[in-house]
Structures are given as C-alpha cells and as structure tokens.
Amino acid sequence: MSFLVVDHVSKFFPGHAGGEDVCIFKDVTLKVDKGEFVTVIGHSGCGKSTLLNIIAGLETLSEGGVILNGREVSGPGLDRMVVFQNFALMPWMTVFENIALAVRSAYPDWEHEQVVAHVHKYIALVGLKGAEDKRPIALSGGMKQRVGLARAFSIEPKVLLLDEPFAQIDALTRGVIQEELVQMWNTTRNTVFMVTHDVDEAILLSDRIMLMTNGPSSRIAEIVDVTIPRPRSRDSVIEHPHYYKIRNHVIHFLVRHASHGVAGGEGVQGESSESVPLVVRF
Amino acid sequence: MKTNGNGSPWLISCFILVIFLGGWQLLTLRSSFDAKGKTDEQLQMMEFNGDIVRSGEGGYAWNPEKMKGVPGPLAVVEKARTELSEAFVIKGTNDHGIAYLVLYTVTRFAAGFLAASIVAILFGILLGLNRVLFRAVNPFIQILKPISPLAWMPLLLYTVKDPKWTAILVVFMAAVWPTLATTAFGVSSLKKEYLHVAAILQLSWFKRLYRVILPGAAPTIVNGLRIAFGSALVAVVPAEMLLGELGVGYLSWIEWNNLDIAGVIFAILVVGVVGVILDSGFNKLAGLVTYQE
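One line per chain: the protein sequences are G and W, in this order. Under this note's numbering, the first residue of the first sequence is numbered 440, with each subsequent residue one higher. Under this note's numbering, the first residue of the second sequence is numbered 771, with each subsequent residue one higher.
Check the hints yourself; a few may be wrong.
Taking lysine to any residue pairs in the SDA-like style, the calculated list, with each CA pair at most 20 Å apart, reads [what the hints assert, rightly or not]:
1. G/K573 x W/F803
2. W/K977 x G/H551
3. W/K961 x G/H551
4. W/K961 x G/D646
5. W/K977 x G/E550
6. W/K961 x G/M532
7. W/K849 x W/R800
8. W/K977 x G/G514
9. W/K961 x G/G580
10. G/K597 x G/M532
11. W/K977 x G/D646
Calculated directly from the structure, the hints in this document are not laboratory data.
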C-alpha cells in the first residue's frame, strides 16, 4: 500500500441561497510513495489548493478519505506540515522564534539546548545564518519562504505539503530557491505533495506531475512521469531530451483546458475515460 | 527658509504661548479705580458692597479680595505656586494637596481602565473566536456602546451604594465597550494562516491564545484600548464632580464653589497634565506589543 493515499475524495461547497451544492472536485484518487515528490498542476480555481488543505486536515472533505501510512487522517497534525503561499510566518516572532515554536511543538520533551541547536541547523541549511533575530518584516519574500521551508523541514514531517510555495517570489529568486529545495530534498528525501501552476518548477522538482482539469467538478485527468534522472539542477534539466516533451505536453493540456473555460475536462478529445487518469510517459 | 518644514517647531510653540498669555493678560487687565463722576453716596454703596476699599490718602481703590471677571495668567501662576508648595499637605477632609488629588484620580482611572480592559479583552477573544456567539451578542453591544458612561451613574450608585466604587465603575463603563468591540474584530479578522499553523503544530489551547491569537490581534486590541483610554479619561472628571470624590476633576468643582476662578483654571490645567502623563505611559506600553507586517 502506498504511503499516502487520497481515496475517492470529493469536495462540495454549499450553493448560494439554498441552491445546489457546487462540486469543486470529484472522485480524486492519488497514491504517493514514501520519499516521492508529487505535484498537482492546474488552473486557478480548479481546487488544487483545497485538495492540499484536505490532506493537511485544514479543510473537511465531503466524500472519500485520506490515508497516511495506513491510518486515516482527520484534522491537522505535525506529520503533515504545510509551506504556505503567503509564508504564514508570525510577524511578531523572530526567524528563530518562528522555527523554534514548531520544533518545540514537534519535540516537546527536548532540552532547551537541543531545540536551539536544531533550529540553528535548519537556519543554516536554508542559508539564513545571521538573520536569526530578524522579524519577517525585515526579510525579502525569498528569505521569508526560506524560513517557511526551514520551519517545515525542521519538524521532519511524514509528508511535506507545498502550497504554491514560490508564487509570491520574484522570478530570479524563485529559481535559486527551487534549486535549494532540490538540494534539501536530495538529502532528506521527504515525501512531498506540491501544488503549483508553474510548469518548469513542477518538472524540476517532481517525480510525477498530476494534471487537473478546470473546475467545477474538476478531476485528475493525466499523470505525467518525469523521466529525467536525479540529481537534477536547473541547467541540467533543460538539456535533457525529455524536458521539452514533458513541458509541451503539460502546457498543451493547460491551454486546452483554459480554452474550454468552465466546461471542464469532459468531452475533450484524446482524454482518458472518466475516473482513471491517463498515465503519460516519455 | 527655503522650503516649508524648516524652522523650529519649539520656537513657534513658544511664540504661540507668548501671544496667548500676553493676550490673556491684556484682556483681563483692569484699570485702577477712578472715583470721578461718582457721588459720595455711590462710593459709600460700593464700599459697603466691598467692591472698593479706602486707600491711604483718602482715595479709593478696587478691593483686591473681590475679583471680578476672569483672572489673568499671573493670578493663575500665583495660585499654582501656592497649590504646588502645599502639594503634600492635607488640611481637611475636602482639602488635600494637589499631589494627593492627582494620585486619587490616577488610581481611580487605572483601576477602572485595567478592570475594563481585562474583561473586554477576555470577552472580545471569546466573541472573536466564535462567530455565532459574536452575532448573538453584537446587538446588545451595539445598544450598550453609545450610552454615556455617566448615564449609568445613578443606577450604579443605587446598586453599589458607595461613591468610591461608583466612580471606578463609571470609568469601567466608559472603557469596556471600545475594547470589547475592537478585540472581537481583531481576533475574528486574524489571518487564517496563523491559526492554521497553530493547528498543524498542535499548540495547546493556552499556547494558541498567548503565542498566536493575542499577539496577532495585539495591534487591533491596542487601537481599541486607545479609544477606551480617551473615553475613560473624559468620564473620570465629571464622575468625580458629580460624586464628590476627591481628585483633580473634583478640584475644579471645589474651586468653583469657592468662587476661585484662578483655582478652576489651575485645576483644568492639572487635568490636562494628568492626561498627558497617562497617555505617554500608555503609548510606551502600546509600543511593546505591536508589530509591523
């Protein structure tokens, strides 16, 4: 059995003024192995962030279930840490305190020195040495998300959930942090579930990319295997012959679904049947 | 001066003060008494009334004991000098030195304001975290909020039967609503992500409250406290006057009863000074708990 299983999960929001419930997505099933990096990509509003929040336990699901390591997940927990799009650092705490809050919660019986050493280790890992006592206001977007990553990695969660983690960071910095994330992941080999709409980011980081159709009633239509060997870096990845094949395939998928607007994936030619996603491999 | 914004604000402040005091002095000056054009009968009547007194050389002068009109700044300074020199003297039940009066007012204010703040912040958090409760209680807050704290006074006096506690409760009533409303608002509009992080980290209820909710809502809560502070400061003076509780507000009333207008002006100035002292203390405290986003 896979490490993380999202089993036939559907999400409905109550309709306006007693109208019919709105289906965000339906019958989403995905399996993530231990140590695997899986990305969901799709247009805004397709429900990919909702899916991530459901796995995190921050939102309830309407049907189905999420199983992590053989146990059904209910409510948020330290085994599923989220890296938020808008960083979600506490502005009244310093960099050190933000991470220490997480570390103390994850390891409540650690001695003070142990906590301090652990926090410093992860601050150094994201290259923020010297910024320990700064508050988030004094940091750039890139540095803020480095703190977010350090906080998430520091509690060594079973699954790391990245919710469009680099969407609010300028393009140049984004590349640098993506590469840092690749290196961090290479050493820790965490299980990661990421949500993004950046195709290059998805290819650089993921083992598999799940393509989600537009909402409402969106679903995972295709799963693309990223057949580019690791370790990867931004230079080497684009040299690989599969890079542009994968990239073009994903972009074609997204463009096709954009032009169909709200109608969603139903009836688009060359698509897989209803619930079983098409596996694409180059 | 090449641009606006140059020049010393202190100089301008001093200039304004000098103009103000000079104008005040000029307007309150009284020319010396002139007996010309008045019959002996009239003069006798004025002397009898105590308006004028006989001076050494058989002439008349204004009676210095009987003031008319608004006293000038010099009279107020003279009054302030005597009051301050007796700041720590207690002459009788209703005649305590100015230092004691300031102390009474500040204690009364602090007691009412602190109690109101604690109650309002606790209930505000409760309401801010529970949307249904907030909506259920909000109509009552909206009705109670605009009621002048002084309007409560007769009822409070009747209930607690003690002017000391009534004065504190009036300050309480003035301070409780603004803090309650803004705290509830601050907590309910706290960024969802902070609560999400707290939920993922499985923080205990207490830790969630004092590590995340309170500091997160602190800037809004402080804004509410600031409004409450001003409203309580406004309420404390009339409360003292009406209840006859010793304090700087009551001082102004005593001096009015004494027909000592210089004393009234002095008391007004003391109220201002006490306000400034309390306000700067509050700002120091506020600076400790706010953050920038």
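Against the structure, the hints come out as follows:
Restraint check for G/K573 and W/F803: the C-alpha separation of about 74 Å exceeds 20 Å, so the hint is violated. With a CA separation close to 17 Å, the supplied pair W/K977 and G/H551 stays within the 20 Å bound. Taking the CA atoms of W/K961 and G/H551, the gap is near 30 Å; set against the 20 Å cutoff, the hint is violated. Restraint check for W/K961 and G/D646: not satisfied, since their Cα atoms lie roughly 33 Å apart, outside the 20 Å limit.
A C-alpha spacing of about 19 Å is found between W/K977 and G/E550, which places the hinted pair at or below 20 Å, so the restraint holds. Under the criterion of a C-alpha separation no larger than 20 Å, the hint pairing W/K961 with G/M532 is consistent with the structure, at around 15 Å. Taken as a hint, the W/K849 and W/R800 pair is honoured in the structure, with Cα atoms around 19 Å apart against an allowance of 20 Å. For a cut-off of 20 Å, the pair hint linking W/K977 to G/G514 stands: about 18 Å separates their Cα positions.
With a C-alpha separation of about 18 Å, the suggested pair W/K961 and G/G580 falls inside the 20 Å cut-off, and the hint holds. Restraint check for G/K597 and G/M532: not satisfied, since their Cα atoms lie roughly 26 Å apart, outside the 20 Å limit. With a CA separation close to 38 Å, the supplied pair W/K977 and G/D646 exceeds the 20 Å bound.
Consistency note: the structure conflicts with the earlier hints numbered 1, 3, 4, 10 and 11.
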